[in-house]
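**Student:** Sequence:
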Amino acid sequence: MEKVCPRCNMSFVCRNDQILECWCLNEPIDAELRKFLADNFSGCLCAKCITDLRKCFINYQQQIIFENENY
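Just so we're aligned, residue 1 is where the sequence shown starts under the numbering used here, counting upward by one.
Misleading hints may appear alongside valid ones.
What the hints assert, rightly or not - Listed below are the simulated DSS-like cross-link pairs for lysine-lysine, each with C-alpha atoms no more than 25 Å apart in a straight line:
1) Lys-3 x Lys-55
2) Lys-35 x Lys-48
3) Lys-35 x Lys-3
4) Lys-35 x Lys-55
5) Lys-48 x Lys-3
I should point out that these hints are in silico values taken from the structure, not numbers from a laboratory.
Using the sequences and the hints, build the whole thing.
**Tutor:** Written out as structure tokens, the structure is:
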């Protein structure tokens, strides 16, 4: 099914009707990112946006770890 990403407005193929065949099934989305997505977006995001947001979350988590090590 063709969808439009609510974050970047690009079209992409979503298989939420057959989730076992959807690209997102193999995407590592942790609980924090899943909550952020649910709280901020009403639908599925494209692969690029999921990847970008996952990188932001990883960088943010690493920053917190490094800041805590300095105390």
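**Student:** Hints first: check each against the structure and report whether it holds.
**Tutor:** Right, here's what the structure says about each hint:
no.	hint	in the structure
1	Lys-3 x Lys-55	holds (23 Å)
2	Lys-35 x Lys-48	holds (18 Å)
3	Lys-35 x Lys-3	holds (21 Å)
4	Lys-35 x Lys-55	holds (16 Å)
5	Lys-48 x Lys-3	holds (14 Å)
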